[in-house]
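Visitor: Spelled out from the first residue to the last, the chains are:
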Amino acid sequence: MKGIILIFSFLIFTVSCASIDTSRIAPGYIQAFKAMKNVIVGYEDQLITKDLVKNIPYASSSMKIGRGPAGLIILESINSDQFTWVSADGVFLVTRNGRIIKTAGLNNNLTEFNSPFRKTSFLNQADGSSYSYYFSYDVPYLRNLEVKAKTYKKGEVKVELLGGERLLTLIEEEISNDFIGWSAVNKFWLDEEGFVWKSEQHISPKVPKIVLEVTKKPS
Amino acid sequence: MTSIVRSYALACFICLSFSQASFSNIEEYFRYSVSPDASNYGNTGLLETPTARFMEEASLRFNFSSSFPNEYTSLTASPFRWLEATYRYAEIKNQKYGPSGYSGNQSLKDKGFDIKVRLKEESFYLPAVALGLRDIAGSGDFASEYLVASKRYKNLDMTIGLGWGKLGTSNSIANPLEAIDKRFLDRADITSGRGGEFSYSSWFSGNTSIIGGFEYYLPKSGLKFTLEYDTSDPDFYEYVPKVESRFNLGVSYHLSDSLNVSAAFERGDQFRVSFNLKGNFLKDTIKKPAPKNVVRLNQDQLKRVKKNNQIFYSSLNKSLRDESIYIQAATLSESEVDVAIASSKYYSLTRPAGRTARIASALSPDNIDTINIHSMNGDIEVAIISLNRKEFDSADDKTGSWSELLNKSDVFSNNSNPLYKTAAFQPTVYFPEFEWGMSPALNHQIGGPEGFYLGQLFWRIDTSLKLRRNLSLFTSFGLNVYDTFDDFSNPSQSTIPHVRSDIQYYLEEGKNHIERMQLQYMASPWEDVFVRADLGLLENMFAGVGGEILYRPFNKRVAFGLSAHRVRQRDYDQRFSLRDYETTTGHASIYFDLPSGIQPKIIMGKYLAGDKGITLDLSRRFETGFTVGVFASKTNLSIEEFGEGSFDKGFYISVPTKLFYGDYSSGMISFGLHPLTKDGAALLRQHNPLFGILGDTDRASISRDWLYLLD
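Note that the protein sequences, when read in sequence, are chains A and B. For the first sequence, counting from 1, position 196 maps to 196 in the working numbering; every step adds exactly one. Just remember that the working numbering sits 219 ahead of the position in the second sequence, which is counted from 1.
Simulated from the structure, these hints should not be mistaken for laboratory data. All C-beta atoms, glycine included, are put in the ideal place defined by N, C-alpha and C. Fair warning: there could be bad hints in the mix.
[Stated by the list, open to error] As a list, the in silico BS3-like pairs of lysine-lysine whose alpha-carbon atoms are at most 27 Å apart: (1) B:K506 - A:K209; (2) A:K50 - B:K507; (3) B:K525 - A:K102; (4) A:K50 - A:K153; (5) A:K150 - B:K439; (6) B:K627 - A:K54; (7) A:K54 - A:K154; (8) B:K525 - B:K511.
[Unchecked claim] Sample of chain A residues with no beta-carbon within 12 Å of chain B, all distances over it, derived: (9) V94; (10) Y152; (11) K153; (12) E156; (13) K158; (14) L161; (15) L162; (16) W197.
[As the list claims (entries may be wrong)] Partial list, computed: chain B residues near chain A (C-beta under 10 Å): (17) I245; (18) E246; (19) E247; (20) Y248; (21) S319; (22) G441; (23) T504; (24) P584; (25) N586; (26) K617; (27) R787; (28) K853; (29) G881.
Can you make the complete structure from the sequences, with help from the hints?
Guide: Spelled out as structure tokens, the structure:
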């Protein structure tokens with residue numbers, strides 16, 4: 001939306017005439033010599049490639065939030081069935097059975113996730129079954145937002161992953177809270193062992209869709 | 220005893236219940252952020268009625284509201300959380316601008332400026348209270364004053380207050396201010412005046428009415444319903460037909476936090492449609508790329524670096540280039556490393572300094588304990604940030620804090636002796652260095668009798684030829700693509716030298732023009748003293764020679780400037796020929812940088828038309844760089860000599876482009892507006908004013924942006 005404002009600003013106010021002038025505003029004059037081109041040592045490549053993933057000795061996934069660029073997250077620790085992932089810019093995700101249950105480092109974080117499936121995976125539920133989750137957030141603070149959910153098994157689909165194409169089962173989960181008018185569809189792609197290789201998840205009305213794709217499976 | 224325990228338990232329960240309610244805020248999670256929005260006139264309100272609600276601090280709102288006969292186009296800014304200012308054009312569609320020989324079929328346009336101040340915040344029991352003035356210093360067609368109170372209960376927001384002027388013409392109650400002074404009994408007629416004067420004597424006087432209304436929010440669906448009692452009594456205002464009903468109804472739909480559309484049924488027979496765009500620039504909400512990961516050198520590499528410093532310099536250069544930071548000089552000594560850098564990518568000075576320190580630390584041998592970053596702009600070294608390497612590394616890996624780092628760092632300036640003159644490593648620079656850029660651009664002439672909007676789309680080409688250090692030739696050309704300037708037919712009637720008011724000739728005859736062709740020298744001869752010399756075609760209307768000197772004590776929040784130019788007026792075609800008028804213009808300036816980003820500026824001297832006087836400029840710069848400012852000038856010209864508007868005044872707004880994108884940039888979207896193009900109090904438009912380059916590089920600015928050092 002800010003892009004629209006930018007366009008408006010440009011159309012309306014890009015100026016240099018007497019009625020509207022910019023002479024009072026510091027122009028931010030900046031000049032820099034662009035000298036030298038020698039290369040000796042430098043940076044790690046930020047592109048997610050097979051080689052990069054192979055060379056990292058940890059399990060990893062790619063994460064994309066909304067329209068932002070995809071970045072690599074590394075498995076930092078495993079605590080029972082909870083996996084903690086961390087990105088280079090300090091975003092932490094905790095997942096259980098492929099579902100995000102806690103975050104840190106986002107503008108709006110999921111601080112607690114209560115589910116009726118403590119011991120079993122929600123992915124094992126019968127097609128069309130309904131249940132409720134309870135989400136809690138930090139800023140703005142909110143405790144136990146009830147989110148109603150329904151799961152549908154969509155069958156097997158071929159999915160292109162970093163390691164190659166895989167035949168995975170797609171499960172869609174419709175979530176909603178009528179009071180605030182929030183609804184979304186989460187998608188999970190899992191293999192025959194129930195491991196979630198790829199997912200599209202909505203964790204808050206204030207956080208855009210998060211796409212996770214496992215690039216190196218935890219051993 | 221039992222009853223005491225029960226009471227205590229009940230009290231605890233109530234407290235806990237309320238504390239939970241106050242912490243949990245589900246409203247913030249509604250799909251739509253339905254909130255108080257623009258009135259027809261642009262500032263926050265119902266439809267015709269203002270409220271005591273305000274936009275968030277550092278917001279801008281463009282509002283368009285159309286009906287028959289009145290249509291409003293406005294821009295509202297909130298430089299403080301307690302202040303809203305609106306500039307507005309009103310079109311009165313059933314009235315002519317003037318005789319048809321003068322302005323054709325154009326309808327009447329009226330400029331207006333509003334201001335609203337919050338007197339009291341809303342509390343649990345008491346409402347918010349605000350005082351406002353509408354259409355001040357204008358022709359007075361919509362002049363009103365009001366005192367309003369707003370109180371919200373759940374999704375219902377209620378407003379009630381008193382209105383004077385046009386808001387009070389239904390005269391529903393006696394003016395309570397009559398009890399203080401009888402002069403409030405009658406309101407002077409200000410509509411026949413010259414315009415531009417503040418009609419203090421008529422404020423809050425004459426007919427008075429109770430004003431008010433309701434808003435009901437439906438955040439789940441993004442809707443807002445409005446009902447108001449409209450006392451503006453536009454049948455008193457002769458251009459508007461008779462009022463059929465005093466109740467106005469409206470509905471708004473919030474498409475997003477920034478865009479809102481609305482429709483209203485007013486006065487029993489008028490439909491109105493409106494939309495507004497709003498942006499808040501208090502914080503940069505778009506995530507930017509983090510610093511690139513730096514590979515620390517291994518022991519072998521560090522040994523090689525120690526033996527051959529050139530490896531260090533080359534590595535530094537490469538790694539800095541990856542961050543769009545350009546090394547200007549460097550010295551690796553026994554225990555310190557000095558790096559001079561420049562970058563046109565980052566708006567703040569501390570961010571590239573921090574990224575440079577991170578890279579320098581990763582590449583430096585173990586014996587280095589201090590990293591000195593010399594920030595440069597062009598050939599001027601503006602500041603030095605001296606960092607303790609250990610503290611910086613701790614803060615960078617989050618084991619230390621940025622405030623500890625600030626405490627153990629030194630920030631100073633040594634601008635008269637820049638590093639690039641003495642450094643062990645000085646990159647070879649080949650002169651002349653040529654840079655260019657081009658983009659589409661617009662020229663506007665708004666509110667003239669020939670047409671409300673006359674404009675030009677042109678292609679602008681900017682070049683810079685750096686001949687040697689400190690000396691550059693700047694040019695700017697405009698090539699016409701499309702324009703509507705042939706309709707101009709309103710030559711200036713000004714009785715003083717036409718230094719600005721011949722704008723129509725400049726626009727019409729200079730469709731393909733040279734805006735600037737100027738040789739410029741810039742240097743810092745002494746500590747905290749900066750100079751600039753200009754020669755050539757300095758701006759669209761003037762050519763000449765002159766310069767500026769600025770004294771900016773690095774550790775103070777004040778700076779002093781002097782500028783003087785001998786100029787001659789350029790011909791209307793804006794090529795190389797000159798007109799006869801020439802003059803000497805010059806000013807002394809004082810710049811203040813007060814806490815909270817408030818930046819007053821005082822300019823005194825001789826203006827382009829030969830008039831002498833003073834310009835006061837007051838702006839607020841937010842941490843993001845978003846700036847809102849107003850200015851007013853008074854010179855020794857009489858009101859008659861100055862003409863319509865009585866004295867020069869206007870406003871300006873500047874928004875950093877980084878607030879719109881997912882990457883850093885140093886660009887700005889800026890605009891300033893003089894409601895009238897007049898010859899009095901006209902300043903020469905100087906390219907690269909020194910305070911513009913150096914005002915944001917002193918100790919206070921670096922401390923303000925210190926957090927970005929680790930970002």
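Visitor: Compare the structure with each hint and give your call.
Guide: Against the structure, the hints come out as follows:
1. B:K506 - A:K209: 15 Å, holds
2. A:K50 - B:K507: 26 Å, holds
3. B:K525 - A:K102: 46 Å, violated
4. A:K50 - A:K153: Status violated; Cα separation ~31 Å.
5. A:K150 - B:K439: Distance of about 22 Å is within 27 Å: holds.
6. B:K627 - A:K54: Roughly 42 Å between the alpha carbons, so the hint for K627 (chain B) and K54 (chain A) is violated.
7. A:K54 - A:K154: Distance of about 32 Å is beyond 27 Å: violated.
8. B:K525 - B:K511: Holds. K525 (chain B) to K511 (chain B) sits at ~24 Å (cutoff 27 Å).
9. V94: Per Cβ check, V94 (chain A) is outside 12 Å of chain B; nearest 19 Å; holds.
10. Y152: 23 Å, holds
11. K153: 28 Å, holds
12. E156: For E156 (chain A), whose nearest Cβ neighbour in chain B is about 34 Å away, the distance exceeds 12 Å, so it holds.
13. K158: Its Cβ never comes within 12 Å of chain B, the nearest being 32 Å, so this holds.
14. L161: Its Cβ never comes within 12 Å of chain B, the nearest being 24 Å, so this holds.
15. L162: Holds, since 20 Å exceeds 12 Å.
16. W197: The claim stands: W197 (chain A) keeps its Cβ more than 12 Å from every Cβ of chain B (closest is about 26 Å).
17. I245: At about 6 Å, which falls below the 10 Å cut-off, the nearest Cβ of chain A leaves the hint on I245 (chain B) intact, so it holds.
18. E246: Hint holds; E246 (chain B) Cβ to chain A Cβ min 9 Å, cut 10 Å.
19. E247: 4 Å, holds
20. Y248: 5 Å, holds
21. S319: 24 Å, violated
22. G441: 8 Å, holds
23. T504: This hint holds: T504 (chain B) lies near chain A, its Cβ roughly 8 Å from the closest one there, short of 10 Å.
24. P584: Violated - the Cβ of P584 (chain B) stays beyond 10 Å from chain A, reaching only about 14 Å at its closest.
25. N586: With a minimum Cβ separation of about 19 Å from chain A (threshold 10 Å), the hint on N586 (chain B) is violated.
26. K617: The hint holds - K617 (chain B) has a Cβ within 10 Å of chain A, the shortest such distance being about 8 Å.
27. R787: Not OK, violated: R787 (chain B) not within 10 Å of chain A, min 18 Å.
28. K853: Because about 17 Å separates K853 (chain B) from the closest Cβ in chain A, which is outside the 10 Å limit, the hint is violated.
29. G881: 7 Å, holds
Hints 3, 4, 6, 7, 21, 24, 25, 27 and 28 from the earlier list are contradicted by this structure; the remaining hints agree with it.
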